[in-house]
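Just need the whole structure built from these sequences, with the hints factored in.
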Amino acid sequence: MTTNATPTVLFAGNPNAGKTTLFNLLTGARAKVGNYPGVTVDRREAKLKLDDGSHSTVVDLPGAYSLTARSAEERVAIEALLAAGSATPAAVVVVLDATTLGRGLYFATQVLEVGLPTVIALTMIDEAKKLGMVIDHAKLAASLGCAVVPVVATRGDGKDELVRAIRDAVTSVPARSPLRRFDAELEADITVVEDALVAATMGSRSDEAAKRRLRVLAQWALLSIGDDELTGVAAGVREAVERVRSDAKRANRDVDRELVTARYKRVDPLLRDVLGEKAGPVKRLSSRIDDVLVHPVWGLLVFVGVMFVVFQALFAWAEPLMGLIESGVDALSAFAKAELPEGAFTDLLVNGIIAGVGNVVVFVPQIAILFVFITLLEDSGYLARVAFVIDRIMAKVGLNGKAFVPMLSGFACAIPAVMATRTIESRRDRLLTMLVVPLMSCSARLPIYVLMTSVVFDPSDKVFGFLSTGALVLFAMYVTSVVAALGVAFVLGRTALKGPRPTLVIELPPYRMPRAINIGRATTSRVRRFLADAGTVILALTILLWALLNYPKDSVSEARFEQMRAVATADADEEARQAALAEIDAEQAGERLRNSAAGRAGRLFEPALEPLGFDWKIGVGLIGAFAAREVFVSTLGLVYDVSDATEEDQGLHAKLRAAKHRDGSRVFTPLTGVALMVFFVLACQCMSTLAVVRRESGSWKWPAFMFGYMTSLAYLVTLVVYQVGRAFGWGV
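Numbering (the working numbering), first residue to last: 135 to 866.
Derived by calculation from the structure, the hints in this document are not laboratory data. From the three backbone atoms N, C-alpha and C, an ideal C-beta is built for every residue, glycine too.
Simulated pairs of lysine-lysine, DSS-like, Cα-Cα distance not exceeding 30 Å:
1. 794 with 596
2. 293 with 273
3. 687 with 789
4. 293 with 181
5. 687 with 794
6. 471 with 794
7. 293 with 264
8. 383 with 399
9. 471 with 789
10. 273 with 263
Taking CB as the label site, the calculated pair distances span:
11. 838 with 696: 42 to 52 Å
12. 862 with 419: 48 to 58 Å
13. 838 with 745: 22 to 32 Å
The structure is reproduced here in structure tokens:
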């Protein structure tokens, strides 16, 4: 909000115009910098110190192509620009990409009509010069009636000039440009909608500023209202828009086309007046690269190759770092055992908190590598090309091509991925994407995949002599998640969310060299968020699970084991005494687990889990994992760490490999490991995701539906995988 002390300055512009990079440069903020449409979804703000020592609150608005509200991000931008009263911004910085000036000017002319003091920040000037473009900044400023400042945000060029221009805009009296008038028919249409807006108290004609907001709002309503996207609009306004559209249709007029064409009639001559352009070699090189990357066959093959490199790196490159973390956790546990007295608190600290949190922290190297690759692909401009290539496939299953970005984000975390669906214009397409995004293998599943592949597959096993078996299985899990998401989308798009085939309009940004500092910031931020969110849940649930695994205790059973210890202690032979005590400890731990609340719950569900190849201990892990998937690893650590391990049998991996059924057969066979991973691919085991879907959809109906179909699908597919594998004798 704007106050006398800290006026608000809005940063607005098209996606990929360099707005967030410029925002970070001026404020030092760490907003995420990406290179595909819709990277900035939520409003971000920070303080900016002006050259006169005063401060302004700078708000980084979502990227928008126009002042219509066909997507949630554009509506956020409109609401901020049209805010009245104390929320009225002091100035607007419109960030335009010099290499796509025409599209940017369309948006800029709309913003100028609002009547706020405006500064044009012309980014990518260096790239425009490489393309042979010459822009007359002074002529552009004179034509628009506002300051135009060329900048190169990645180098800081033009920063001081831009800060001075912002200061002048904040302290100046708005010099409003004359309102753009359309032809008589279109003006009459706008007046009808303006009257409806005034009647609905959504606008007024009280002063010049109010009249400008009303006019912009009327054009927004004409372009935006007409489907289920704007359900909150007053009935009178919707009726007025529908009446205008109906009358225009009878007269063979297209209101949308007329509004857009009229604005471009102003932009096109302005563009010719200020811009000189000639073909450049960089553009030709970019086109040649696109000939491969957006090719329907070669582009898909390149994408598959890139993804396989990512997964090979996840499995192979992180192993040394994981070993170091495991050693550190083991050392900390040993230190706590040695320094603290035996008892419930020490047991909780060592086997609960340290082991539980450690079993998640150990997977940070894989998570960090995943985020590095995703950020690298974003910043290079490659992801937009992938969205274009994948759209051919996604459209066939009923998904909008823009759904690719949320779905790819789902490989990191479903929560921001669900929020990223706001960039999809159609409500139906947004809901469909929300319902399938949680099927994408998020980073919380990665610890489970790595644990299972490490336990059930020999690290020395290679395919073709150089490909890790574990890496191939890991890759297969991610492929399975994608196939499942597309398959479910195909079914839902023809049943529960039946609708017309979606179309994709997406910008292919220029190729850019990713900056290490941006990759580092984005990766650090994402890993920190993952640890903060997961760590909080894990700590609380680990303490709860430890209690469930250890209580209630049977006093008669405890007394019997104490008597057994007393007898064993009387043995004169030290070696025999220690062996007897270890055996008693193991037997007591098993007895405690069977009598505990968690053990009883696991055995209660065991009949339903046995057809999947799972025992009751895995059932205990699944119960904990319904809160958050990553808790499964720490839960298994609690379930199996029931006695002191010897030097030759340390660590969770060794205990899982040694786990036996009552008949003496191994619990964790390759088939069981694969079945368990398949279950986690398909099951909805994240309360936070359900909460976010509820917030984004506005109802508990859709998260309840999502939980039901994903859990049922996970059970049925896992049942088929295990029973078919068992019938063929594979991995048993």
